[in-house]
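> Protein sequence lines correspond, in order, to chains C and X. Plus 124 on top of the position in the first sequence (first one is 1) and you've got the working numbering. The letter at position 28 of the second sequence is residue 17 when you use the working numbering, and the numbering goes up by one with no holes.
No lab work stands behind these hints: they were computed from the structure. Ideal Cβ positions, reconstructed from N, Cα and C, are used throughout, including at glycine.
What follows is a set of in silico ranges between Cβ atoms, one per label pair, in the way DEER data are often shown: (1) C/381 with X/119: 44 to 52 Å; (2) C/181 with X/158: 50 to 58 Å; (3) X/227 with C/321: 54 to 62 Å; (4) C/378 with X/124: 47 to 55 Å; (5) X/17 with C/260: 49 to 57 Å; (6) X/168 with C/260: 45 to 53 Å; (7) C/165 with X/286: 55 to 63 Å; (8) X/226 with C/401: 58 to 66 Å; (9) X/49 with C/142: 23 to 31 Å; (10) C/142 with X/99: 16 to 24 Å.
Every beta carbon over 10 Å from chain X, so not counted as near; a handful from chain C, in silico: (11) 188; (12) 263; (13) 324.
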Amino acid sequence: MSAVTEAVKPRTPVASGGVSQSVRDSLVVAKRNLIRMSRIPEMVIFGLIQPVMFVILFTYVFGGSMNIGGTTDPGVYKEFLMAGIFAQTVTFATAGAGAGIADDMHKGLIDRFRSLPMARGAVLTGRTLADLVQTALTLFVLALVALLVGWRTHTSIVEVLAAFGLLLLLGYAFTWVGALIGLSVRTPEAATSGGLIWLFPVTFVSNAFVDSSKMTPWLRHVADWNPFSATVQACRELFGNPGVSDSGAWPMEHPVIASVLYSVAIIVIFRTLAVRKYRNATA
Amino acid sequence: MPGAIYAEGLVKHFGDVKALDGVDIDVPEGTVLGLLGPNGAGKTTTVRCLTTLLTPDSGKAVVAGIDVLKHPNEVRHSIGLSGQFAAVDEYLTGRENLQMVGQLYQMSARDAKKRAGELLDRFNLADAADRPSKTYSGGMRRRLDLAAALVVSPPVMFMDEPTTGLDPRNRQALWDVIRELVGGGTTLLLTTQYLEEADHLAHDICVIDHGRVIARGTSDQLKSQTGGERVEVVVHEREQIAPADEVLRGFGKGATTVEEHTRKLTVPVTGGAKLLAEVIRELDARGIEIDDIGLRRPTLDDVFISLTGHTAETAEEDTEAGGLVQDAKPRPGKKTKEEAK
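Bound conformation, chain C alone (with noise of 0.2 Å):
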């Protein structure tokens, strides 16, 4: 009987709370979540397959067709795409983030974590911290493809480091909105569609593949108003790339600053939606 009930006495911090323990618990949590994707590598290699697909796909089948700041060459196509297909990639945690916190909740496990005296936010946060670790693995691994076919920066490091942040920032944020579909459905397969599907019109009714300054007005408002557009276009900015868009629309003319701005409002917005419907989570 000895070993079960003289247990190590935890120091019961009874004052919880606190950032400190936040912090300490979403470690916790985000480091479970990354030993369990270097046990599913399948996971993380489907994960890279696919973007390197799309550099591929888009460079050699649609490069000769499209016109570019007054120019078909594929060569401009190709440095054009980079960023659309990069902020794309990014975007795309957001499916594994979801399937993921629905598999524990039809697990129980989220019934474990929520029995425990553990921080409220940070199963979410581990989770969302583990796949941005993730996203910066697909993100480095895509960039070597695409110096590979040909794409070139034109800047400084500092510019070019401070675009992956952007993208980082921007796929962090799309994690949160995964969360709450994962907390919102009832199989992990239902948090992978809808995971993905919003996010096709998301980042093809912008200016990720085409110059959007063609398309019929009332759709290009929406392009240049699109979250997504502003770190496609903050991205062009900062590699030096061609096609960045010349419309007056304020987060066009801006992107650094919208591109931070709209990140930050949707992690704030649904962050706050997540935790609160983890709260009342029942599997």
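Keeping the supplied structure of chain C fixed, place chain X upon it in accordance with the hints.
Structure of chain X alone, referenced to chain C:
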């Protein structure tokens, strides 16, 4: 003074379904309460309210001396929960799972590691400690889940159908662990569909149905409340059920229960062995051939039937002839959210 687990008038709705309709519970420190009832009766909802996972619509709950509704996070420091599903991460090893739970109970990484090692030894999982729990058998996973609930040796434990789906050997093993725990002073609330389990483990039993406690007491109290002995007859052929029923009605002190597929008839009686002899003579005189006959004390099954008018484990719905009585089947036509999830 209220017990280690105390609830008064718990009410919880899920939409139009009233899952809890005023549940009162009082579990003295160091004892086991068996919460007994069919699927959808409100067992799991009660546990979820007491473990801070659900907020009741109304009522009062105190666990380990702490008000559950006012200070849920403090309650979480003092409880362990082992649920219906083995809630462990299947891609993490047993050791990693326990360390994670320890750290989330706010132990230091070092303490959590030490405690994980102790529990893995205690639950015979040391050999499998560094394998992903995905590779564990059902029994091993259940042991790991229980170990996770015991990381901080909480004074109050909740186990929601801990042995559902386990084979008899693993069930026995889990019972031994539970007895040890309680021997060490832990207060336990245990839900089960198995009357036998409540009979073996619980000091007190609450029978719950349709979100209400319909009876409470010790196993013996409930049995004597239900009345004395029973005569149980198994006839040789199905056609003989009706005539045998007629005979038993002449001797019985209550309604006869008939299990068609096992050809078993049960009737409460008073009069003991002498009466049993009379029953045998009468059946024989009418030419009813019997495979088995006996006199027995009431089981909790009988208690359940007399209280609710149906069995806890509706064996008669088991279409397989001679299906195991222990095979718990949910009752059709009564689906609450608890069951639907």
